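Which chain is which? The protein sequence lines are A and B, in order.
Take the first sequence: its position 685, counted from the start at 1, is 685 in this note's numbering, and no numbers get skipped.
Take the second sequence: its position 169, counted from the start at 1, is 1169 in this note's numbering, and no numbers get skipped.
Quick caveat, the hints were computed from the structure, so don't treat them as lab data.
Note that the structure is a prediction, hence the values are computed from the model and not measured.
Heads up, some of the hints might be wrong.
As the list claims (entries may be wrong) - Pairs of lysine-lysine residues, derived as BS3-like cross-links and limited to a Cα-Cα distance of at most 30 Å, are as follows:
1. B/K1027 with A/K181
2. B/K1377 with A/K442
3. A/K618 with A/K100
4. A/K405 with B/K1027
5. A/K679 with A/K747
6. A/K405 with B/K1377
Said to hold, decoys possible - Counterexamples of contact, computed for chain A against chain B with all Cβ distances above 10 Å:
7. V27
8. P128
9. L399
10. F414
11. E441
12. P632
13. M650
14. I676
15. S683
16. S712
To be verified - If you want a taste of the chain A side facing chain B, the calculated C-beta under 10 Å gives, among others:
17. I413
18. T416
19. V421
20. Q425
21. E433
22. A434
23. T437
24. L438
25. L439
26. G440
27. K442
28. M715
29. K717
Glycine is no exception: its CB is placed at the ideal position from the N, C-alpha and C atoms.
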Amino acid sequence: MSKKFGVYICTGCGIGDALNVDQLVEVAEDEGFKTKTHPFLCGKEGVDLIKQGLEKDGVNTVAIAACSRRVNFDTFRFDGCYVDRVNLREQVVWSHPSTKGEEIDHVQMMAEDYLKMSMEKLKKIKLPEAYKLENFTRKILVIGGGITGISAALDAAKAGFEVTIVEKEAQLGGYAAKIRKQLPLNAPYTQLSAPVIADKIKELQSFPNISVKTGTVVARIAGQPGDFTVTLKKPGEAIEFDVPFPLPPEMKVDESGKEYDKDKLNEIYKEYNTGKNDILTLDPNGEKFGAVILAAGWRPYEPGAGEFDHLGYGAIPDVVTNHQFEQLAANGKIVRPSDGKPVQSVVFVQSPGKGDDSDFEYTGSVTSLVALKQAKYVREDNPDGKAYVIYQHMRTPGLQEYFYKSLQQDPGIFMTKGEVVSVSQNGAGLVVEADNTLLGEKIQINADMVVLATGMVPVTADDPVINLAYRQGPGFRDNAIFNQYADSNFICFPYETQRTGIYAAGAIRRGLTMEESIEDASGAALKAIQCLESANRGVAVHPRYGDMTFPDFFFARCTQCKRCTEECPFGALDDDEKGTPKPNPTRCRRCGTCMGACPERIIGFADYNIDTIGSMVKAIGVPTEDDFDEPPMRILVLVCENDAYPALDMAGLHRCTYSPNIRIIPVRCLGSVNVIWIKEALSKGMDGAFLLGCKHGDDYQCHFVKGSELASIRMKKIGEALVSLALEVERVAQYEIAIDEFDKLPKIIDDFAAQIEALGPNPFKGF
Amino acid sequence: MADAYRVEPDLGFINDVIALGGADVKKCYQCATCAVVCPISPDTRPFPRKEMIATSWGLKDKLIGNADIWLCHNCGDCSTKCPRGAKPGDVLAAVRAYAITEYAIPKALGKAVNDPKKLPILLAIPAVIFVILGLITGLLDFTPEGTEIVHSHFFSTWLVDLIMVPLSIWAVAIFALGLKRFLADIHANALLEGKTNQKRIDPKGFIEALIRIIPTILRHDKFNECGENKDRATAHMMVFFGFVGLFIVTSIFFVVLYIFQIHGPYSQLNPVKWLANISGIALVIGTGLMIKSRLARKDQVTTYKDWSLIGLAFGLGVTGMLTEMTRLGGMGGLSYALYFIHLMFVFSLFAYLPFSKLAHLVYRTVAMTYAEYAGRK
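The following block holds chain A by itself, in its conformation from the complex:
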């Protein structure tokens, strides 16, 4: 489809007052773009004006120079029309005092540059066309037949989707079928509930669109969302479609530590995975699924030998974990393991007491609540029973606070914050010693049993579980920073994992109660459905939801360096034996990290590629001494669209002002920044450049997990290149900003501008 351009300039919200709009129109008209202005473009009249252009003149590629693209999104969205927003409001007139009539009209120059950049971009883009899968399956695979998996399957089935549950055990139910009682489910939240799992399983059987495979695990999941090919097997079985594992780092190098060449690596890899088909070989008998809900759950933490010696675990049979205590309770009246006598007094230890206030590993509010539940068992079994809970943290979120309060009221339940020092045998009983208690002194408690609040280990700690036939490996990458939970640290985006189309729910995601897991299951089910309803139309899932573009490779120039395959945060690319990447567009989240990685610059998106951004950089006017005696500096700022760009908008909204010498280009993620843009900026005479994006590291805020981290690595390398050009490394920088830190932006920008000012103008200026 051929492009027909248009420019619409809004003069409202202070834009018309601060800028010379006629001059702006002239800039656009000079480029041959038909331009219209309106004082209230987002009003009905203004929108009609644009629609008129679309309908009568056949305009389909427009620049709207008005407010930020983050506002009025729906107002300025037109079917069949590509819209680029020029942010004249938040990032020009609201964040810079007007310079109208001054010797150098900085603000006008800024607005004109942004308009030119937009027009240049519009000229270079291709109109996006969605990627359509050849085969598309709407079926959902649920891994795990516990309370989470069953709930997720029920939710998906009720929404009309076909679901298959695979459960490694011989029967459904998981842990939920092995307990005495559940936490309160109904108001007033003071009484324990009977387990709901039996009813859930019964309900499951009434859905013909749910099939259940017990005694089954996933051997491999190949393909991409909307078209996964899944091989199932019996637990422990070894089959040819077991997923191959990537080589561990120590096997990739020879004795001297040098990495083997490609052929040798392939050879070792094949040897390492003997008997297994490569990831690119599809199982002809595999079952097709569109999305996966990972609800494989957890296993009880098993204390290591001597780990809790001071608590008597291992040496004293009456010191048990909460899991062992639950089993005792599920068998009937709780009796002591040592002599089978009913228990009178039980101490629940919530923190191991190793000199700090940390809890046991893999715990959380769920272990607090389980201790309360089990304390209630003690009281139910014996009216004279005493249950003590010694905690460092008591977490009872939501309505379970009522349960906590009701237990506080029980005369036989005693709770105190405190540090458990030791547990020792005293005749037939035990003595628990605790310090720093609310009683104001060191105390000793006589007990029949001691229960340790050990945690719920996600099964992903032991095994990849999902067994993805992905080149990056079968499990989630770098999962150690999440303590092996199937999480992605997307605080704002629960259920998302680092693998598109795989949505985690329940205790595999974090320690959860059964009640929370049931809710969690709904979330993951909805996410899986959303993924299917996006993949079928070829649009991206979160966070660039609705994006129709996808990475396009110019394979003729690929050097098979594998960098894109290795660096993709979502494992979207699978290279073949030679190293040529095989894209899987529905796995892709459209962050562009591959584009930033590619040294050959052969990867791009229809409207976002090396050329479009490069052209925008070129469109920035760089004043020289020919123009002014003291030409203003020009600084390129590549801004992450997820957090940094909204922070800049907020800075404008709050009328924070900063240097008008910067030129902002939003990028999908700092990971997509190709250093060529910075080199181009500097070689055309711009005086500096910096990246503004999310925090990276273990507690990263990057929406694409790895982007800002990769960018920082690449920026270090560019420093070397600058030195070879005799440019100071200080001309390039990267800053981190959180979405709510808009107030820090003026200082970051102005400090950088001052630093560049001190370095003096770029010597390449004017060449």
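Based on these hints, arrange chain B on the given structure of chain A.
Then chain B, alone, in the frame of chain A:
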């Protein structure tokens, strides 16, 4: 380890305190707002925060022999400010009621005094004793002679004293036994918790402390420091001085009877009679005010232990005044009947004093004296 405290919660104790009006004790989450807002709590080791957790953990040993529970005047400031509605004021009152029954022997009688079901039996005891003893000795005459109404013609003064004098001795003896243990306990507790600067109790110093503390008690100084329940001080003072006045009148009557052989009733012009009447009226009005305030205050717990004592004091005053009024009004039969009931109340007062809430007059006095002696600040 020797320095650790062995926690042994007493579930029975917790349940008893709950029944005695401390039902909300377990709500306490140890924020210590109560100890901060309490106007009369000392600065070092203040109450009632520590008493709240000790109660909710059933640590009887930390409470019964703890003088601090008696320093509390149930101002109610703590209960009003408590963010959790744990009502520390009422909890301490319940703990005190429990402590009274612990120190007064026989314990069964203590339990009975706090048990509404036992009330008919407790009231029947004086009636039965009066009738049996009266009939045996012939000192109870159901057909008194003469036109002038003289109560001793019906219920001989000899009979009254035959019963009441040993009864007073019994009350004093029970108190003496209880106090011996009480004083030893509170001293041991104070030493353990570092609340005293005295190693042992020196009788001379202790009596000096008692003399120092008496004006404080008479003026109701501590009560007046209260915020929430300050208005209760007036009623309490009326009842208190009513009893003091009546005690003085009875003593004078006793002395005059046995030394000067002069019988009552006295003339209304006699100053002793003035004091008797004023005291009686103060007792009736004071207890009446207490009833009114207890009924009006919904946020404060009022249990049987409170009602039974107010009822006793109110009954005592009302029957006394009515006996006098009916005597002056010439209603002989009614007056004799009221006198009988009045004597039943007097009996109950003496007999059950060491077991009822009224025992606080002894325990609190001793505790305040001890605090003064021990230098508790």
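Evaluation of the provided hints:
Taking the CA atoms of B/K1027 and A/K181, the gap is near 25 Å; set against the 30 Å cutoff, the hint holds. Distance restraint check for B/K1377 and A/K442: the Cα-Cα separation of roughly 25 Å lies within the 30 Å cut-off, and the hinted pair is therefore satisfied. Only pairs whose Cα atoms come within 30 Å are accepted, and A/K618 paired with A/K100 is accepted, the gap being roughly 25 Å. For a cut-off of 30 Å, the pair hint linking A/K405 to B/K1027 stands: about 7 Å separates their Cα positions.
The straight-line distance between the Cα atoms of A/K679 and A/K747 is roughly 25 Å, inside the 30 Å bound, and the hint therefore holds. Pair hint A/K405 plus B/K1377 does not hold up; C-alpha atoms about 35 Å apart against a cutoff of 30 Å. Non-interface status of A/V27 relative to chain B is upheld: no Cβ of that chain comes within 10 Å, the nearest being about 65 Å off. Interface exclusion of A/P128 from chain B stands, the closest Cβ pair being 58 Å apart, more than 10 Å.
Every CB of chain B is more than 10 Å from the CB of A/L399 (nearest about 18 Å), matching its label as outside the interface. Non-interface status of A/F414 relative to chain B is broken: a Cβ of that chain comes within 10 Å, the nearest being about 5 Å off. The Cβ of A/E441 does not lie farther than 10 Å from every Cβ of chain B; its closest approach is about 5 Å, which violates its non-interface assignment. Residue placement check: A/P632 keeps its beta carbon more than 10 Å from all beta carbons of chain B (closest about 60 Å).
Listed as outside the interface, A/M650 is consistent with that label: its C-beta sits roughly 37 Å from the nearest C-beta of chain B, beyond the 10 Å cut-off. For A/I676, the shortest C-beta to C-beta distance to chain B comes to about 62 Å, beyond the 10 Å cut-off, and the non-interface label holds. No beta-carbon of chain B comes within 10 Å of the beta-carbon of A/S683; the shortest separation is about 66 Å. Listed as outside the interface, A/S712 is consistent with that label: its C-beta sits roughly 46 Å from the nearest C-beta of chain B, beyond the 10 Å cut-off.
Taking 10 Å as the C-beta cut-off, the interface hint given for A/I413 holds, the closest approach to chain B being about 8 Å. With a cut of 10 Å, the hint placing A/T416 at the interface with chain B holds, because the nearest CB-to-CB distance is about 8 Å. For A/V421, the suggested interface contact is upheld, since its CB lies about 9 Å from the closest CB of chain B, less than 10 Å. With a least beta-carbon distance of about 15 Å to chain B, the hint placing A/Q425 at the interface is violated under the 10 Å criterion.
Proximity of A/E433 to chain B holds as hinted, the smallest CB-CB distance being about 6 Å (cut-off 10 Å). For A/A434, the shortest C-beta to C-beta distance to chain B is roughly 8 Å, which falls under 10 Å, so the interface hint holds. Against a cut-off of 10 Å between C-beta atoms, the interface hint on A/T437 holds, since the closest Cβ of chain B lies about 9 Å away. The closest approach between the C-beta of A/L438 and any C-beta of chain B is roughly 5 Å, which is under the 10 Å cut-off, so the hint is satisfied.
Restraint check, A/L439 versus chain B: the minimum CB separation of about 6 Å is within 10 Å; hint holds. A distance limit of 10 Å between C-beta atoms decides the matter here; for A/G440 the minimum to chain B is near 7 Å, and the interface restraint holds. At about 4 Å, the closest approach between the beta carbon of A/K442 and any beta carbon in chain B falls short of 10 Å, and the interface hint on this residue holds. For A/M715, the interface hint is violated, since its Cβ never comes within 10 Å of a Cβ in chain B; the closest pair sits about 51 Å apart.
For A/K717, the suggested interface contact is broken, since its CB lies about 56 Å from the closest CB of chain B, more than 10 Å.
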